[in-house]
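Participant: Now for the letters of each chain:
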Amino acid sequence: MSSAARKQQVDAPTPAVDGEAGVGNSAGTEYVTRGARSHRIARPHLRMVSPLRPERASRGVFAVVITSVLSIGMLAILLINTSLAQGAFTISELKSEQTVLVQQEEALAQVVAAVAAPEALEQRARDLGMVPSENPVFLDLTTGKVRGKPKPAPGTRSTMPRLLTPADATAAEGVDNGLAGLPAAAADQDPAAMDAAAAQAAKNEAKASAAKKAKNPNAENNLWEDATVLDVTRDLASGDAGLVAVPVP
Amino acid sequence: MPNRGLHLADPRKRGTILLLVTAVALTIFAGRLVELQAVRGETLAGEAMDQRLRVLELPAQRGAILDGAGEPLAVTVEARNLTADQTMVTDPAAVAAQLAPILGSDTDVLTARLTGDRRFIYLAKALTPETWDRISELRLPGVFSEPASRRVYPAGDLAANVVGFVGDEGAGLGGMEYAYEELLTGTPGEMSYERGPGGGAIPTGAQSRTDAQPGTDIRLTIDRDIQYVAQAEIAKQVKKARADDGTIVVMDPHTGDILALATAPTFDSNDPGATDAKDLGNRALTSVFEPGSTAKLMTLAAVVNEGKANPYSWFKIPPVLMRGGEDFNDHTPHGTLNLTLAGIMAKSSNIGTILASERIGGKKLAKYLKKFGMGEKTGLGFPGEASGYVPPYDQWSPTSMPTIAFGQGFSVNAVQAAGVFATIANDGVRVQPRLVDALVHDDGTVETPDVAKPTRVVSPEAASQVRAMLEAVVGPGGTAPNAGIPGYRVGGKTGTAQAFNADCGCYRGVVASFIGMAPVDDPDLVVGVFINNPRVGRYGGQLGGPVFKRVMTYALQARQIPPTGAKASRLPLGG
Chain A
1 MSSAARKQQV DAPTPAVDGE AGVGNSAGTE YVTRGARSHR IARPHLRMVS
51 PLRPERASRG VFAVVITSVL SIGMLAILLI NTSLAQGAFT ISELKSEQTV
101 LVQQEEALAQ VVAAVAAPEA LEQRARDLGM VPSENPVFLD LTTGKVRGKP
151 KPAPGTRSTM PRLLTPADAT AAEGVDNGLA GLPAAAADQD PAAMDAAAAQ
201 AAKNEAKASA AKKAKNPNAE NNLWEDATVL DVTRDLASGD AGLVAVPVP
Chain B
1 MPNRGLHLAD PRKRGTILLL VTAVALTIFA GRLVELQAVR GETLAGEAMD
51 QRLRVLELPA QRGAILDGAG EPLAVTVEAR NLTADQTMVT DPAAVAAQLA
101 PILGSDTDVL TARLTGDRRF IYLAKALTPE TWDRISELRL PGVFSEPASR
151 RVYPAGDLAA NVVGFVGDEG AGLGGMEYAY EELLTGTPGE MSYERGPGGG
201 AIPTGAQSRT DAQPGTDIRL TIDRDIQYVA QAEIAKQVKK ARADDGTIVV
251 MDPHTGDILA LATAPTFDSN DPGATDAKDL GNRALTSVFE PGSTAKLMTL
301 AAVVNEGKAN PYSWFKIPPV LMRGGEDFND HTPHGTLNLT LAGIMAKSSN
351 IGTILASERI GGKKLAKYLK KFGMGEKTGL GFPGEASGYV PPYDQWSPTS
401 MPTIAFGQGF SVNAVQAAGV FATIANDGVR VQPRLVDALV HDDGTVETPD
451 VAKPTRVVSP EAASQVRAML EAVVGPGGTA PNAGIPGYRV GGKTGTAQAF
501 NADCGCYRGV VASFIGMAPV DDPDLVVGVF INNPRVGRYG GQLGGPVFKR
551 VMTYALQARQ IPPTGAKASR LPLGG
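Each protein sequence line maps, in turn, to chains A and B.
Quick note: the first sequence uses this note's numbering, first residue 1, plus one each step.
Quick note: the second sequence uses this note's numbering, first residue 1, plus one each step.
Quick caveat, the hints were computed from the structure, so don't treat them as lab data.
You may find that some hints are simply not true.
Quick list of simulated restraints, FRET-style, between CB atoms [unchecked claim]: (1) A/SER92 x B/THR22: 25 to 35 Å; (2) A/MET130 x B/GLY189: 43 to 53 Å; (3) B/ALA499 x A/GLY144: 46 to 56 Å; (4) B/TYR122 x A/VAL102: 48 to 58 Å.
Each residue gets a CB set at the ideal place from its N, CA and C atoms; glycine is no exception.
Next comes chain A alone, as it looks inside the complex (with noise of 0.2 Å):
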């Protein structure tokens, strides 16, 4: 549209001063006077527009709740992201705790593991002054039986520590291990005497198996001579009763 139409628009409320252009409202018709021709033109029908006041206000409101909830779920954002950090933190911390507790608990396991080892075990056992057992004797606890063939076992006491009796403590209290200060022993044991018997009859027995020994150096070879000594000692009621005796020609 032309420049000067438009001027016209722009014009349009001014109010009607002779010979002036103005500014200024008025109800009813007017009088435009610029330029050469003036013609009435209808003007729009202005009407109070009510205040903006209460849509500032919704807009305030709304502004406000839009802001808090999105500082809301960024502070629960954060606080997520932290707690996932800390527990990634912990889940490290205990982590390394746990090698090390594992770690100490193999190096102590692998101790109990050489020191029970019956190699070990055998070790000690003989440093205590103990003997492997020559040959097994049990004790029945139901009948109060002795089965098998009990000897003492080979063997120098001296190296054994002896065991204390209540009355030894009330006299030795506060002695370590019993082997300093051993009080004397009863009028009727005498430790050097059995010591001495022991060692007799380990003498003797292996006297008796050196000339047992002497007499068949090679037992194959005696054999044959006892084939001809017929051994009739055979006792049925051993518990062979399923023997029968059937000579055959």
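Chain A is already provided as a structure; the job is to place chain B on it using the hints.
Facilitator: Only chain B this time, still in chain A's reference frame:
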């Protein structure tokens, strides 16, 4: 004055051009965005994920090997491998000087390994965590570690021949470690996570984890204490007799459980490299030999079972016997003798055994040998196990029957030989020997391996009579009086078998053996001792008897087997 040209002064024109330029720029951006998000979106996301994603293999813990009581014979423990980044090592000599005393290795070797420009090289493997702690305290630049594992055998050489050993990579190379490799190894797991720039895991990133499946524990039937005593005793005797090697087998005849399987010389599983390769096996199962007189038990048991003789039956024994064109003698010369069957057993008369075997014939004898398990695998499934060899009956020559009757001319391994006695001890029922008691899975389930059904070889009455004859061997007039245990009834059989020497292709040297059981009227234990090629001493009774006595004494105590309290039978041996 009207402008020609672009009229840029005109704000409207400026605005238009600005708008156009912005529109073009935004279009390019939009296009790029579409390209990146929509077209290449997945590919790029995938590449980014690949960059971040780290996949770790979670190694599976190797199963342990336990003895009958659950004590560990082989366990895997944590270890560390020492690595170095050569580019970060500024002074190799100084670093090597600090490491050498801790590692116990040569400074020069370490210096050489630290020099260069490799980013990753191993300095030492399978260090204990304590050693690594000491090294890490030094804060040496360029020296790192990676987690690893180490196989440890807490009891050293105890049952090493059965347990076996592992190689550098942790895989089993012999014995049970090799035989049960798959079960022991388990299944490795996998863990994946997104890795941030610092190396740590991104907590909200993609994660997945498949736990590793630890290996199964193998529980053997071996009793640690009996094994220890057996190993010590056979090692002592092999040394004393200056023999090539020796074996001891201790079995429970009712269940077939092998309580001890000891060989000498043996090795330490922690250091298999220190021993000759030929000693790294288990001779008890891999070595075969002709059993000799201990196999007379089969012949005489067969004769008694068939009802052709009993312990009181009389036989006239000439000084020499000709069969199949060959002369057969006894181990020491004698005149013509009258012996009972018990006497033949007690005195180990070859001629007497041949005469007795002729009452059942070769075919039946071959059948009994098979029933006793000769020539067949024991069922233990041990790597390298030999099954022995018995010539089939239709290939027997005229001398086969007498030879096989007294235990030469066929081969067995130590467990088979002891198994014959276990059958007689078990009232004539043969059970399959067992080395593996149970497989303990990680979730706690215990699996017992299947065994073959027991088979009856001889009747209980025959077994009882044969046991009484075995008792005569240990009594006065027998070949093994030094195998007796005071208070107990003991029975067994000696053997002094000719050993076949592959080098000369002839018989040279002997295998001296003694296999026995106690208490003989109701046996709960069988112990077999085998000494190969002794140079000092020769006879089974002489070399094997004392070892049997000591091992059996200990085993009776360990298994809490009291004497039966019955009196010894005194069978007539001759007249």
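Participant: Decide, hint by hint, whether the structure agrees.
Facilitator: How the hints compare with the structure:
1. The beta-carbon spacing between A/SER92 and B/THR22, approximately 50 Å, falls outside the hinted interval of 25 to 35 Å.
2. The hint said 43 to 53 Å for the Cβ distance between A/MET130 and B/GLY189, and at roughly 49 Å that hint holds.
3. Hint check: B/ALA499 to A/GLY144, Cβ distance near 51 Å, so the stated range 46 to 56 Å holds.
4. Against the hinted window of 48 to 58 Å, the Cβ-Cβ separation of B/TYR122 and A/VAL102 comes to about 23 Å, which falls outside the hint.
Against the hints set out earlier in the document, violations occur for numbers 1 and 4.
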